[in-house]
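J.: In case you want the letters, here they are:
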Amino acid sequence: MDVVQDVAEVFATLPLFPVFNACHYTLMILTTRYDTGSLALSRSNPLANWVASMIACFGGYILADLLLGHSVLSFLAHPEDVVLASAIWYLLFYCPKDLFYKIISVLPLKLVITALKETARVRKLVAGIGAAAKVYPHSLLAQVIVGVAKACGNEFLLNFEQAVRGVWKPDINAILQPSFSIKACVVGAVMIILGRSDVLMGISQEMVVLAVSLWLISVAVSMKAFHADDPFKPVENLFSPFIFGSADSLPADAHHHHPPAPEPSPAPKPPSGRRRGKAAKAD
Amino acid sequence: MEGPDLGAFSFGLDDLAEAFASLSMFPLFEIAHYILMCQAVRSDSGGLTLSRKHPLANWVCCMLMCSAGGFISSLLLGLPLIGPLSKTPNVLLASAIWYVVFYAPFDIFHKVVTFPPVLMIVYCVKELHRSHTILGGVLKARKVYSSGIIVQICIGIVGGAGSGFMLNFQRLVRGKWSPETNQILHPTVVLKECLISAILFTLPTGVLPINQDQLLLLTGIAMVIVKVTLTVTNVGDPFKPIENVLCMPIFGKAEVMAAEKKKKE
Chain A
1 MDVVQDVAEV
11 FATLPLFPVF
21 NACHYTLMIL
31 TTRYDTGSLA
41 LSRSNPLANW
51 VASMIACFGG
61 YILADLLLGH
71 SVLSFLAHPE
81 DVVLASAIWY
91 LLFYCPKDLF
101 YKIISVLPLK
111 LVITALKETA
121 RVRKLVAGIG
131 AAAKVYPHSL
141 LAQVIVGVAK
151 ACGNEFLLNF
161 EQAVRGVWKP
171 DINAILQPSF
181 SIKACVVGAV
191 MIILGRSDVL
201 MGISQEMVVL
211 AVSLWLISVA
221 VSMKAFHADD
231 PFKPVENLFS
241 PFIFGSADSL
251 PADAHHHHPP
261 APEPSPAPKP
271 PSGRRRGKAA
281 KAD
Chain B
1001 MEGPDLGAFS
1011 FGLDDLAEAF
1021 ASLSMFPLFE
1031 IAHYILMCQA
1041 VRSDSGGLTL
1051 SRKHPLANWV
1061 CCMLMCSAGG
1071 FISSLLLGLP
1081 LIGPLSKTPN
1091 VLLASAIWYV
1101 VFYAPFDIFH
1111 KVVTFPPVLM
1121 IVYCVKELHR
1131 SHTILGGVLK
1141 ARKVYSSGII
1151 VQICIGIVGG
1161 AGSGFMLNFQ
1171 RLVRGKWSPE
1181 TNQILHPTVV
1191 LKECLISAIL
1201 FTLPTGVLPI
1211 NQDQLLLLTG
1221 IAMVIVKVTL
1231 TVTNVGDPFK
1241 PIENVLCMPI
1251 FGKAEVMAAE
1261 KKKKE
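Protein chains in written order, with our numbering: chain A, 1 to 283; chain B, 1001 to 1265.
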């Protein structure tokens, strides 16, 4: 147990710069590169491309600062991070013969980079929760939201990053379709907050962080390696019709031109056999 | 001896004004407010489909609308944006109302609340709540900018009519961006009421013959009367006749309209 505790303490205090941050920036700028029109933009408007990439890299910091009322540009106060991100941006978009992109696209290397990036994500989650706990020590929701914002902020800012690039696609955003990392960060945030308070007896905060990191790393790497789907989806599909009603049983005023519909199929109070049958049919 | 128009306040109404001013908005007034905000999200196009397909986005939209005044005033005053969500009892109450409005069995809550007598009571309670939030906004701004009258008026308006401003952003969360209409382009009656109330609240203490508590009661009653009248009768915006009369000389409306008519002919 002591060995695990020591490992957890070392893990929790590893410096994020430069390796972990570099992996984070690489994957974020790679996401920007894969987005439609990015490569063309990199040749025609490199400034817009750079700003969009910086928003993607530092989205977590920007969003968390906005939520906590700090200066939104405070990430620029760490010039070493901005220089590292800019260097990776340059290499990813403008390397001769696209060498850098080809090197990091090799699957084993990409999996290692993903693992390191997820470590950085959990560290940011912890940092976000700590920052919110200073201002709102009694509000679980505020701490979870700020933690998730810091860890996955770039996904929430995607629409605005695309707007910088001249693309406006409001139909898709991270709240309408939360990715696996957002859902995992919510679960991780709750666990970390429980670890900070003394609810989990015997398990220290660092061990909780280590456990959450290992879980996130393993799922993220296996999702990338085997092109697996979001592991939360089957659970959601099972419980969502119970709690939130199914999409084909809207109440009477959903479509105003229809006559008053019969009572909606019993969403929250189903006879359990019937609900299982319906779920089986959906599969 | 007080003047005749203040005679009413010299017996009983003083106590009523004080009691109204010290009344806690939680939970009853907040319940009325949350019900109307969740109903607004529900009746916005695609609201019910959203509630079934994207419950998280639905919850976020409702939370944004329920604490719209808090979010916008925090943004404008440089306070933490997460502030309104840190008040756990309010968030829990709003979430409970959200769940019941959208997912009650047989849709019973929606049917009860949209029954006209019940709806009228909810409207009246909400208007009383609105006067409190306008004053709350003015006082919040006064803490940050003690002599900034215009800031206090703006934050007072935002406190009372914040949900109108938040409508566009709530739609953006849902994936629809409709910038063609907003409260600044097409001000509603509520916005104009809040403007007048906010100006009255920011006036220095000696100007009006009544104190802040009595003014709070008066604005609450006035807003209830306006809301009930507008709901029951088919009168349009009561400010429109005044605007039409004033806008023509001040903003040259008639000349522009005449010039455009000539161009068309």
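Misleading hints may appear alongside valid ones.
Unchecked claim - Below, in silico cross-link-like pairs of lysine-lysine (DSS-like), each with a Cα-Cα straight-line distance of 30 Å or less: (1) Lys169/A - Lys110/A; (2) Lys183/A - Lys1176/B; (3) Lys233/A - Lys1192/B; (4) Lys169/A - Lys1053/B; (5) Lys97/A - Lys233/A; (6) Lys224/A - Lys1053/B; (7) Lys1253/B - Lys134/A; (8) Lys169/A - Lys134/A; (9) Lys110/A - Lys233/A; (10) Lys1176/B - Lys1263/B; (11) Lys1264/B - Lys1192/B; (12) Lys1053/B - Lys183/A; (13) Lys1192/B - Lys1176/B; (14) Lys169/A - Lys1176/B; (15) Lys1227/B - Lys1262/B; (16) Lys1176/B - Lys134/A; (17) Lys183/A - Lys134/A; (18) Lys183/A - Lys97/A; (19) Lys1176/B - Lys233/A; (20) Lys1192/B - Lys1227/B; (21) Lys1087/B - Lys183/A; (22) Lys1176/B - Lys1053/B.
Since the hints were made in silico from the structure, they are not lab data.
J.: For every hint, state whether the structure bears it out.
T.: Quick rundown of the hints versus the structure:
no. : hint                  : verdict
1   : Lys169/A - Lys110/A   : 28 Å, holds
2   : Lys183/A - Lys1176/B  : 23 Å, holds
3   : Lys233/A - Lys1192/B  : 47 Å, violated
4   : Lys169/A - Lys1053/B  : 19 Å, holds
5   : Lys97/A - Lys233/A    : 40 Å, violated
6   : Lys224/A - Lys1053/B  : 26 Å, holds
7   : Lys1253/B - Lys134/A  : 54 Å, violated
8   : Lys169/A - Lys134/A   : 36 Å, violated
9   : Lys110/A - Lys233/A   : 25 Å, holds
10  : Lys1176/B - Lys1263/B : 36 Å, violated
11  : Lys1264/B - Lys1192/B : 33 Å, violated
12  : Lys1053/B - Lys183/A  : 17 Å, holds
13  : Lys1192/B - Lys1176/B : 27 Å, holds
14  : Lys169/A - Lys1176/B  : 9 Å, holds
15  : Lys1227/B - Lys1262/B : 40 Å, violated
16  : Lys1176/B - Lys134/A  : 36 Å, violated
17  : Lys183/A - Lys134/A   : 24 Å, holds
18  : Lys183/A - Lys97/A    : 38 Å, violated
19  : Lys1176/B - Lys233/A  : 25 Å, holds
20  : Lys1192/B - Lys1227/B : 13 Å, holds
21  : Lys1087/B - Lys183/A  : 23 Å, holds
22  : Lys1176/B - Lys1053/B : 15 Å, holds
The structure fails to meet hints 3, 5, 7, 8, 10, 11, 15, 16, 18 from the earlier list, while all remaining hints are met.
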